[in-house]
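Enquirer: Given next are the chains, with one letter for each unit.
Number of protein chains: 2
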Amino acid sequence: MKQRKGVLIILDGLGDRPIKELGGKTPLEYANTPTMDYLAKIGILGQQDPIKPGQPAGSDTAHLSIFGYDPYKSYRGRGYFEALGVGLELDEDDLAFRVNFATLENGVITDRRAGRISTEEAHELAKAIQENVDIPVDFIFKGATGHRAVLVLKGMAEGYKVGENDPHEAGKPPHPFTWEDEASKKVAEILEEFVKKAHEVLDKHPINEKRRKEGKPVANYLLIRGAGTYPNIPMKFTEQWKVKAAAVVAVALVKGVAKAIGFDVYTPKGATGEYNTDEMAKARKAVELLKDYDFVFIHFKPTDAAGHDNNPKLKAELIERADRMIKYIVDHVDLEDVVIAITGDHSTPCEVMNHSGDPVPLLIAGGGVRADYTEKFGEREAMRGGLGRIRGHDIVPIMMDLMNRTEKFGA
Amino acid sequence: MKQRKGVLIILDGLGDRPIKELGGKTPLEYANTPTMDYLAKIGILGQQDPIKPGQPAGSDTAHLSIFGYDPYKSYRGRGYFEALGVGLELDEDDLAFRVNFATLENGVITDRRAGRISTEEAHELAKAIQENVDIPVDFIFKGATGHRAVLVLKGMAEGYKVGENDPHEAGKPPHPFTWEDEASKKVAEILEEFVKKAHEVLDKHPINEKRRKEGKPVANYLLIRGAGTYPNIPMKFTEQWKVKAAAVVAVALVKGVAKAIGFDVYTPKGATGEYNTDEMAKARKAVELLKDYDFVFIHFKPTDAAGHDNNPKLKAELIERADRMIKYIVDHVDLEDVVIAITGDHSTPCEVMNHSGDPVPLLIAGGGVRADYTEKFGEREAMRGGLGRIRGHDIVPIMMDLMNRTEKFGA
Numbered sequence: 001m002k003q004r005k006g007v008l009i010i011l012d013g014l015g016d017r018p019i020k021e022l023g024g025k026t027p028l029e030y031a032n033t034p035t036m037d038y039l040a041k042i043g044i045l046g047q048q049d050p051i052k053p054g055q056p057a058g059s060d061t062a063h064l065s066i067f068g069y070d071p072y073k074s075y076r077g078r079g080y081f082e083a084l085g086v087g088l089e090l091d092e093d094d095l096a097f098r099v100n101f102a103t104l105e106n107g108v109i110t111d112r113r114a115g116r117i118s119t120e121e122a123h124e125l126a127k128a129i130q131e132n133v134d135i136p137v138d139f140i141f142k143g144a145t146g147h148r149a150v151l152v153l154k155g156m157a158e159g160y161k162v163g164e165n166d167p168h169e170a171g172k173p174p175h176p177f178t179w180e181d182e183a184s185k186k187v188a189e190i191l192e193e194f195v196k197k198a199h200e201v202l203d204k205h206p207i208n209e210k211r212r213k214e215g216k217p218v219a220n221y222l223l224i225r226g227a228g229t230y231p232n233i234p235m236k237f238t239e240q241w242k243v244k245a246a247a248v249v250a251v252a253l254v255k256g257v258a259k260a261i262g263f264d265v266y267t268p269k270g271a272t273g274e275y276n277t278d279e280m281a282k283a284r285k286a287v288e289l290l291k292d293y294d295f296v297f298i299h300f301k302p303t304d305a306a307g308h309d310n311n312p313k314l315k316a317e318l319i320e321r322a323d324r325m326i327k328y329i330v331d332h333v334d335l336e337d338v339v340i341a342i343t344g345d346h347s348t349p350c351e352v353m354n355h356s357g358d359p360v361p362l363l364i365a366g367g368g369v370r371a372d373y374t375e376k377f378g379e380r381e382a383m384r385g386g387l388g389r390i391r392g393h394d395i396v397p398i399m400m401d402l403m404n405r406t407e408k409f410g411a
Numbered sequence: 001m002k003q004r005k006g007v008l009i010i011l012d013g014l015g016d017r018p019i020k021e022l023g024g025k026t027p028l029e030y031a032n033t034p035t036m037d038y039l040a041k042i043g044i045l046g047q048q049d050p051i052k053p054g055q056p057a058g059s060d061t062a063h064l065s066i067f068g069y070d071p072y073k074s075y076r077g078r079g080y081f082e083a084l085g086v087g088l089e090l091d092e093d094d095l096a097f098r099v100n101f102a103t104l105e106n107g108v109i110t111d112r113r114a115g116r117i118s119t120e121e122a123h124e125l126a127k128a129i130q131e132n133v134d135i136p137v138d139f140i141f142k143g144a145t146g147h148r149a150v151l152v153l154k155g156m157a158e159g160y161k162v163g164e165n166d167p168h169e170a171g172k173p174p175h176p177f178t179w180e181d182e183a184s185k186k187v188a189e190i191l192e193e194f195v196k197k198a199h200e201v202l203d204k205h206p207i208n209e210k211r212r213k214e215g216k217p218v219a220n221y222l223l224i225r226g227a228g229t230y231p232n233i234p235m236k237f238t239e240q241w242k243v244k245a246a247a248v249v250a251v252a253l254v255k256g257v258a259k260a261i262g263f264d265v266y267t268p269k270g271a272t273g274e275y276n277t278d279e280m281a282k283a284r285k286a287v288e289l290l291k292d293y294d295f296v297f298i299h300f301k302p303t304d305a306a307g308h309d310n311n312p313k314l315k316a317e318l319i320e321r322a323d324r325m326i327k328y329i330v331d332h333v334d335l336e337d338v339v340i341a342i343t344g345d346h347s348t349p350c351e352v353m354n355h356s357g358d359p360v361p362l363l364i365a366g367g368g369v370r371a372d373y374t375e376k377f378g379e380r381e382a383m384r385g386g387l388g389r390i391r392g393h394d395i396v397p398i399m400m401d402l403m404n405r406t407e408k409f410g411a
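Chains as they are written, first to last, in full-length UniProt numbering: chain A, 1 to 411; chain B, 1 to 411.
Just so you know, these hints were derived from the structure itself, not from any lab.
Keep in mind that this is a model prediction, so the values were computed, not measured.
Honestly, I wouldn't trust all of these hints.
Where chains are identical, the list cannot tell them apart; a pair therefore holds if satisfied intra-copy or between any two copies.
Straight-line alpha carbon distances no greater than 20 Å define the calculated EDC-like cross-link-like pairs of lysine to aspartate or glutamate that follow [said to hold, decoys possible]:
1) LYS25 to GLU375
2) LYS197 to GLU214
3) LYS20 to GLU336
4) LYS41 to ASP372
5) LYS242 to ASP401
6) LYS41 to GLU381
7) LYS52 to ASP70
With the hints as constraints, model all of the structure from the sequences given.
Expert: Here's what the structure looks like:
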């Protein structure tokens with residue numbers, strides 16, 4: 001039995017709702033997508049609910065689900081993925097957080113991003129914190145880009161049900177950290193101590209003395225949120241399916257999810273996760289990786305951003321760019337030897353300007369696939385697709401089965 | 001982001017099977033329903049299994065499921081809903097029962113409804129029981145309509161797994177109460193004592209002395225069944241979804257379910273839950289309530305009765321009356337600002353003359369809805385609908401998501 005390779009392409013936030021400006025079509029229906037339409041003709045469509053019908057998914061929970069894990073059982077916060085995504089090496093019992101450098105004046109947060117402090121300044125401040133703050137557990141504090149940083153408390157995973165101190169708007173004092181159980185109460189106490197001591201170090205740091213003199217907002221306070229630890233999964237993707245798996249991703253959060261479950265992660269030059277990303281660089285990298293890997297996951301972010309920005313025409317254009325990315329891949333593989341799945345991690349309808357619980361159209365084409373009657377890729381056409389309405393966690397098993405890599409249960 | 005309002009219309013027992021008398025159509029397919037057909041064109045259809053495929057649902061379990069609760073986890077008997085539905089104020093730890101006044105002669109139940117005793121006589125007898133029966137717990141005993149009454153044991157909710165003493169046919173002695181655990185064993189003992197003492201009070205009551213002289217069956221015994229307590233739900237509907245919710249209902253059992261989960265319940269003049277109900281009074285009330293409420297639930301009962309009575313043409317006529325009720329609502333709202341769902345709580349096929357486990361056609365139309373290819377509302381057309389085949393408990397999350405009232409899980 002021939003084993004096929006798998007290509008999973010996630011166009012972030014792909015699904016949408018009918019839009020007047022597009023004549024009642026969705027961006028995917030409006031866009032000119034000859035390659036995806038061709039794949040729809042020779043393949044099979046359906047709708048997938050990333051988590052369950054009507055439930056908006058986050059990017060992290062949606063990817064966990066699409067990679068086959070029940071997010072209600074596996075998800076334990078975003079921080080761990082963010083930390084992996086910025087290149088930290090973590091242990092499974094570490095607890096990680098997203099951090100903002102912020103400005104505190106007279107007990108009130110006056111700027112949640114410390115005047116968008118530069119990456120260089122932030123890294124220097126992070127170093128000072130790492131060297132001078134003393135708390136009862138080992139920690140890693142690392143600057144990411146701009147005002148963003150990551151905090152890791154070693155060995156504190158059990159306390160992941162801890163809240164945040166971010167008031168989420170300027171003019172308010174920091175929140176006290178909340179907790180849901182004894183283990184996270186301990187973490188909350190450590191975080192309060194950490195924030196207090198970091199404030200002392202930051203407030204008198206030469207970089208902030210200089211910013212103060214220049215009239216710039218000082219980066220003298222830390223806002224900590226998004227506690228997260230290693231997802232509670234029975235087995236890493238690569239072990240579970242016995243495949244060599246690679247991901248082509250630019251966004252830290254999604255990189256982190258892919259790393260956490262065993263993918264080798266690549267970010268080709270030019271891939272940014274922003275509107276200006278180089279999708280053809282991703283296509284070339286994917287084709288190259290298909291030589292060595294059994295399963296390649298390609299993530300395309302900007303479709304989601306266009307939904308958040310309520311820009312239907314831009315979303316349609318980005319889908320057309322994604323179509324060209326997919327064409328390059330299709331042109332460089334033998335479709336008999338590959339199973340290609342294309343979907344979104346969730347819907348980000350322009351009218352909602354956020355993730356929604358609408359199902360996401362799904363396309364599977366390649367070797368072994370039973371073609372249905374569908375003619376093009378789109379929300380309405382997917383409703384009559386042969387895959388029916390499935391859950392996000394069904395996608396990978398269906399792919400692996402078409403790839404002839406599943407195992408029989410029973411005799 | 002605009003938040004929409006929701007209208008959920010339940011045509012009780014709507015689903016049916018093909019009927020020779022209707023040329024092989026179902027009553028819904030046979031009926032002339034221009035408004036629902038219009039909504040099907042601009043909206044989306046599907047099939048919903050109230051509980052799960054092939055499983056007939058009761059009206060209480062079906063409504064619990066459609067309101068988003070798993071009835072296998074949440075349902076704890078019907079009595080509580082009946083008691084709420086007849087206007088009793090209950091605490092969450094109360095245990096309630098449906099009661100019949102019945103006739104006992106020589107140790108045998110000779111009439112399960114005591115000659116359909118009048119409401120006035122029954123209320124007088126109920127008063128005598130309330131005043132003269134002494135058992136080890138506080139109780140409320142209240143006459144409803146005709147031979148029907150309600151019993152509430154205060155604070156005894158834990159014992160809801162108690163059986164009944166109703167032999168369900170005349171000529172048999174009352175059953176002893178059964179039980180499934182220690183808490184319900186105690187309730188069974190209390191009920192045996194209650195029934196015995198009530199029998200003593202009733203048997204010598206002047207009303208029964210008079211009935212005996214007139215040759216009428218005496219109402220000297222109580223048949224107690226349908227033990228029920230507050231449903232085991234994580235949160236009331238109104239709290240869970242942060243909406244102000246109203247119900248337009250006439251039937252006690254469904255009223256009770258709606259009250260239990262936080263709805264304000266209205267029964268406009270003329271709404272009876274019988275064939276003679278005034279559906280236009282319901283429509284007007286619903287439109288009025290939409291000014292103040294975020295979510296309005298309208299229940300239409302007689303379609304179910306026509307199924308129980310195996311009267312296909314009457315069922316079709318009732319569906320046409322429901323269509324006019326829906327037209328009034330559609331004419332008085334802006335469909336861009338509202339999400340309307342129409343379905344049944346279960347199928348009541350004429351050939352079955354009872355609830356069946358057939359899936360129920362479902363229609364959703366209004367703002368944000370992705371239209372599918374369907375053209376009219378009916379069982380067969382629903383099979384190719386874009387909603388696919390979902391569960392009853394998916395309906396409200398899908399509505400709330402289109403109403404832009406859901407919250408993201410994950411980051």
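Enquirer: All hints, please: hold or fail.
Expert: Okay, the hints, checked on the actual structure:
1. In this homomeric assembly, LYS25 and GLU375 come within 20 Å of each other (Cα to Cα) both inside a single copy, at 16 Å, and across copies, at 18 Å.
2. Taking identical chains as interchangeable, the C-alpha atoms of LYS197 and GLU214 are never at most 20 Å apart, the minima being 25 Å within one chain and 90 Å between chains.
3. In this homomeric assembly, LYS20 and GLU336 come within 20 Å of each other (Cα to Cα) only across copies, at 12 Å, whereas the closest approach inside a single copy is 40 Å.
4. Proximity of LYS41 and ASP372 under a CA criterion of 20 Å is satisfied in both settings, with 8 Å inside one chain copy and 19 Å between copies.
5. Proximity of LYS242 to ASP401 under the C-alpha cut-off of 20 Å is restricted to the intra-copy arrangement: shortest distance 13 Å within a copy versus 38 Å between copies.
6. Taking the closest pair of Cα atoms, LYS41 and GLU381 come within 20 Å of each other both inside a single copy (11 Å) and across two copies (15 Å).
7. For a Cα distance limit of 20 Å, the shortest separation of LYS52 from ASP70 qualifies both inside one copy, at 10 Å, and across copies, at 14 Å.
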